[in-house]
Amino acid sequence: MKKAFSILSITGFIILASGCSGWLDVKPESEIVLDDFWQNESQVNQVLSACYRSITEGDVMSRMLVWGELRSDNVTYGRNMPTDMNKMLNVDISADNGYCHWGSFYTVINNCNNFLHYAPGVVELDANFTESKLHSMEAEVLTLRALMYFYLVRTFGKVPWVNSPSIDDSQDYHIPQSSEDEILDNLVSDLKTALKYSRDSYENNTYSKGRITTNAVRALLADIYLWREEYNKCIEICDLILNDSKSDLKLETGENVLSRVFYMGNSKESIFELQFDDDQMFNWVVRDYYGDVGNQAGQWSFPGVLVTGKFSPFNYIAGNGKESSEDLREKDFLRQETGGDRYYVFKYAGASRREDATTKVSTYYYRNVTANWIVYRLSEIYLMKAEAMIQLEINPRETVELINTVYMRSNIEEDEQGLMAENYTSKLKLDELLMRERQRELMFEGKRWFDLMRLSRRVNSPAPLLSYVSKKFSGGGSLQSTKMSIMEALYLPVHTNELKANSALVQNEFYKVTGEE
Amino acid sequence: MKLKLVAAILLFYLLIPFMSVGQSTRTERVVRGTVTSATDGQTLPGTTVIEADDNKRIITATITDINGQYVLRIKNPANNIAFSFVGYITQGQKIGDQTLINVTLKEETQVIEGIVVTAEKKVSDGAFEIPLREVSTAVQTISAKEFEGIQVTSIDEAMQGRIAGLDIVANSGDLGSGATMTIRGTSSINANTQPLIVVNGIPYEIQIDPSFDFAAANQEQYANMLSINPDDIEEITVLKDASSTAVWGSKGANGILVIKTKKGATGPTRVQYSYRFTGARQPKGMNMLNGDDYSMMIKQAYFNPQQDENAANVREFLYDPTFSEYENFNNNTDWVDEVTKTGFKHDHYLNISGGGQRARYRVSGGFLTQTGTVIGQMLNRITTTASLDYSVSDRIKFISELSFFFTDNNRNYDNILGISYRKMPNVSVYQQNLNGENTNVYYNISRSSSLHGSQRDLRNPVALANLATNNLKNYRIRPTFRLQYDLLDPEIQTLKYNLDVSFDVNNDKVSKFLPAEVSNAPWNDGAKNFAESFDSESVTVLVDNGINWQPRFQNTDHSLLLQGSFQIITGNSASQGIGVTNLPSGDIVDASSYGYSTGISTSRFEYRSNAFTFRGHYTFKDRYILGLTFRRDGSTKFGEKYKYGNFPGISAKWIITDEEFMQSTKKWLSMLAIRPSWGITGNQPGAEYLHFSRYSPYGSYMDMPATRPTTLRLSDLRWEKSTSYNLGFDLGFFNDRLVFDLNFYNKLTEDLLFANLGVPSSSGFSSVPYQNVGIMQNNGWELNFTTNKAIGGKDFAVDFNFNLSNYVNKIIELRDDILANYNADYDYTNGTYLSRIQEGNSYGSIYGFRYKGVYQYNDYIPEKQESAPVARDENGYVFTDEEGNPLPMYFAYGKSNEYRFRGGDAIYEDINKDGSIDELDIVYLGNSNPKVNGGFGSTVRYKRFSVTAFFNFRYGNKIVNMARMNAENMYYLNNQSISVNWRWRKDGDVTDMPRALYNHGYNWLGSDRYVEEGSFLRMKYLTFNYSIPKEKLLKLKMQQVSFYLTINNLWVLTKYTGVDPEVGYGSFGVSVDNSPTPRSKDATLGVSLTF
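Protein chains in written order, with numbering that gives the first Met the number 0: chain A, 0 to 516; chain B, 0 to 1090.
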């Protein structure tokens, strides 16, 4: 009887004990809940790291390349291209194309928003986490977020502006698009804040290249000014970078560009590059699109018609001179298919190229490790400044000199004269020179489509863009040109699923007509 | 409220010590004596002598020695002494002052004549037993006796069609693939729809991984029932209305299956052994083309789109002896025949049971080994159970139940049968040498072949079945301990305390290996020598404290039964998976070996819930009955606001025939009762931790470790809540020889759970795991009819049973964004049906084009060639352009995939007469929910011989026959059914089968061509049973010997053209037949022996 009693009292106790509601609060074992997070500096660091890391996701990387490069005159079909990409390449774009998904960018933005919302609160909880640490990290995060938005704005025109973290399903996520100007205004003001607190460098070179530095903020800001056609501001910012005494930014020599800048990474001329490594995060996007040792033919290739012929940026006859007759970049960044007529990408895919001094035959060595992805590097800053000066039509001689800085390091033949100002006497000629030089220097770096977009935006017509792009299509690209007949057509449509999920969104006018009923 | 009850329970505990006051006087003393037999006067060695108190609790005990003498040191002279010996009548007496007690035991003579035992049949919903005639809710019980002799591996197979309103559809004929069960229709869009299974009062469920998708119908989950041996089951009760299922509150919305297992019975030890042998054969499926016809068809398919001979010059189909692989492409291989075979099953079952007054036990063991009807499948199962009831006294009882299950299931790596239907029939199974003789190497089409990848890289199904492994091992241990204690003397009134503690340990281990020999993949392909291993483990602990109170009233008109209980469930689950590929050889098949890792995944979670339940059952004058149920459930699955849910139920019954004014009809109307009931039940989301915003580790950037926010907090997530009304009638005629049970119900499910709903991705997330989004309604009725010795007498009897049910499902309301978000746009591709959910429509609706045959001619010539692809107005007049030329018929006119129809193409009805077949021509084609389904059967008994037949049927449902679509589209290189021999080949051909078009055209759009009537009548089984007369067995010292012969799935009567019209429900509730392994036809021979 006593035993029974004790059993009963124990069970009675269990009833009482379990009656407390705390018993039903079980927290996950392999994750941390929000309420327990944001307690110390280390957690702040981890979310900062997540902001960077989420940009290295394939979903983001692939879009940076596809949005920035695919539709330009730099890319044509390589091998085994996915259907959606192939459709976009042929300007057969509908709102259900997978590359019209922008969700992965907003995932980065949400990580940034979480950081910006919660990190300030940690200052009070963790004595080691000082205001100054917070501010310099905020500068990094603001810049990353701005970079994401800048991509979105350039690709879609209008996008929803979200600057608060998504925590709860009861929040209203049906956010309408903001105009391009509204968003860019926000970005400029964010970047100006970032400039106040950003660091000039970090403890080691990898960090200084892999994280946002003052010059990275400046480069992005200069890029935005160039896009907004605020050329004076652009020049001002470019000068800050070019004349920055605190940094050791320097152009690599032409022979070393392929291996130092693109193969080894974190070169002297790099301003900001996304860091990949074989263990943590493999840059499969670059491998798939450009190739590597296991697969030397990537999904993309360079249009054969642009390697030779009158539209080619190489061997270009300008006035009395000839540009790029022996340009290292033609040999280093492209490789003709053995026994075929495709020109596959060697930039990023290659480790080095050796040229036999007598036979002039090159041997190509491919990379077998993952590639970093360069967002900004010094040579682009020269070209940004030159572009702004051309638009302002000031000092053409200095402009050519700026371009020449970039040009000369890759044209190292003894008889090379460099670019002569007298060959580029009109604004149009300078414009074209700049576009050629940007193409030679920055091909496959996710920039070209936006370069062409700037051309068209200045005249508010797709015509200039089409004059470049149509050349890569067989038959002159008349079919493709009709699908890019108005400015709206140059922006991508909002993905169908996105329109369905968010009733506040408005579809791009152009795609409303052809894609939707 | 809850506190008061807890206080009341505590008060009971406090009273306990006072109940044993009378025991305090104790003096130890010795009693001795001799026990002799009254029959022959011999002493009885081994007689049990016990001292027991008034509650028959054993205080001390001993056994008589070889001379029949005993010495017992007693504790209290006020106690009783009792003597018992097997085969003799137990004797007892007060001890008092005696020190020498000699007894003579009388032999038990079992001459019992004409004793009629009338027992009231009781129904239990797991813990609460009430007499059958007083049941006021919608429940149906079926005894396992009904299935005697039927061979089934799991009980759900046997139950199919037996319970009105319970729809069971086997997932496939693959071994261990389980069945999908729904009670009273689908009441949820994509949360769990399986009923809760309760075994002996304890939920029988494995908490599944949150990443599990219910709509994807992962077979392991549904094979849950596999780990209960049908031979151990005594009866199954299905709780259908909310008033009865409210007892399980938040898990009750899908109905409940209460399984009661067999227990030991008082009596001498009984040993029963049974063995069943089964042979199974697959029903003949689609007839496929042989190699010769196939090659002919493919060449046409290549030719037709371009009308170009060169396009058809594919060397694999040219039968050109100079082709190096000629011998491998000149065959007539029947792939389906290669992979199917006769399956065998051996099922052994042994049980031992018995017991005396104090203890009863039952131990059973089953061993089953089964091979499938598809090569490479094999299932072994061991089940053991042990149950022991021990009464410490008349008032305290301990019960322990232990069961252990082990299954070892060698499954196919891939859908072998599906591949066999697709594989090119002109290809050989084995590599052939120059003389066309088979070598011992499996043949895979070379990677350099120009054939389309879908056929070129299709794995060799024979190699896959024989060489690849996909093994699932499952261990499950369920120990349960119960204590029952009568707080008051049960003779006076019942106040019983129950404590149940139950554990459920489940372990799954999957090992897979894909060797290099089964495919043509290159050496570094991820699918070469690819090993994977997954382990998952879950432990659930349940503690249930209950008080049952049955007061005795002076006025016997009243009867009351009350029960309160408090239940705690806690559990955790962990799983991990690992995969490596490119292992050096096919001999190393372990995923922990050194190879290229394809990834490691782990997940773990913990959950808890508690519940307070109250139940009351009140009867007045035996004919007015009121039942009340209330459950308050708490679960870790929900946030602060919705942690607890309340689930009430109320039911009543009026037995009209017991009224005085019904006496006159009593002769023929033995039972007429009306049962209204109402209740609320719930359904939970399938994942934990949803109400937290969570951060998880996220690798690193450079050397900086990263953590990121991964989930949205679902602060508003609630239970899915079903409110149901039920109106039931019980009818009995002629002293209950004919019994009807009829139910009408209305079930309204609110706060429908919707999984993975898209959110604007500008939030940074793509979907929300669960949200409550709408209202769904199910209306229906069920009829169940059984007879009890309807015809016949002593030697001859015939009985019938019949059940019929129907429900209408309707979506009442859905949040607007769901309709916009979930209903996909039409994608203008072949083979897809537009799936939609719509307010006011039923779940499971099918939408598509109307198929009108094949254009006979390419060019339209009035009066002569009318059947040609031209646009017509509603009067059938052909549209013409300015020049009088007829306007052609287009598919998706003006879209990028515009296509102009030609002669031999499929005709789709141009509903809006605009000359273009597009989404505006899509119409409603039917629904997958059957109008009625049910079953009927009959048993005929003559002396010791009986025959049972059972049929089940479904009527009025539509099925999308995707298997036929894939076998008739002539669009890929897949093998096709012989019906394509009737295809359109040249102008003027009159046929319903369009022309062959390789990768071209729109001849197999989702249309009513493949939507078929799914009605069927199946003769589910026919059983012959014979038991040998007792007299003949006496010599063999056996009690019972019976023989069985059962034939399963003898025939199916249906218009459906697929192999098996029994197709489950897929996404959007639509039945799509992808031709899984069909249920076999099988025959079983069995014998059962009892000693």
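Take the hints with a grain of salt, since some may be wrong.
What the hints assert, rightly or not - Once the Cα atoms are required to be at most 16 Å apart in a straight line, the calculated EDC-like pairs of lysine to aspartate or glutamate come out as:
hint: 1; chain 1: B; residue 1: K298; chain 2: B; residue 2: D319
hint: 2; chain 1: B; residue 1: K640; chain 2: A; residue 2: E421
hint: 3; chain 1: B; residue 1: K642; chain 2: A; residue 2: E431
Stated by the list, open to error - According to the in silico footprint, chain A covers these stretches of chain B (three or more CB under 8 Å from chain A):
hint: 4; segment: 175 to 183
hint: 5; segment: 301 to 310
hint: 6; segment: 375 to 388
hint: 7; segment: 764 to 771
hint: 8; segment: 955 to 964
Claimed, not checked - Sample of chain A residues at the chain B side, in silico, Cβ under 8 Å:
hint: 9; residue: L23
hint: 10; residue: E30
hint: 11; residue: L33
hint: 12; residue: E40
hint: 13; residue: Q45
hint: 14; residue: Y51
hint: 15; residue: P159
hint: 16; residue: I174
hint: 17; residue: Q335
hint: 18; residue: Y364
hint: 19; residue: N367
Everything labelled a hint here was simulated from the structure, so no lab data went into it.
Because the structure is a prediction, the values reported are computed rather than measured.
Where a beta carbon is used, it is the ideal one built from N, C-alpha and C, also for glycine.
* Hints the structure fails to honour -> Of the numbered hints, 2, 3, 4, 5, 6, 8, 12, 17, 18, 19 do not hold.
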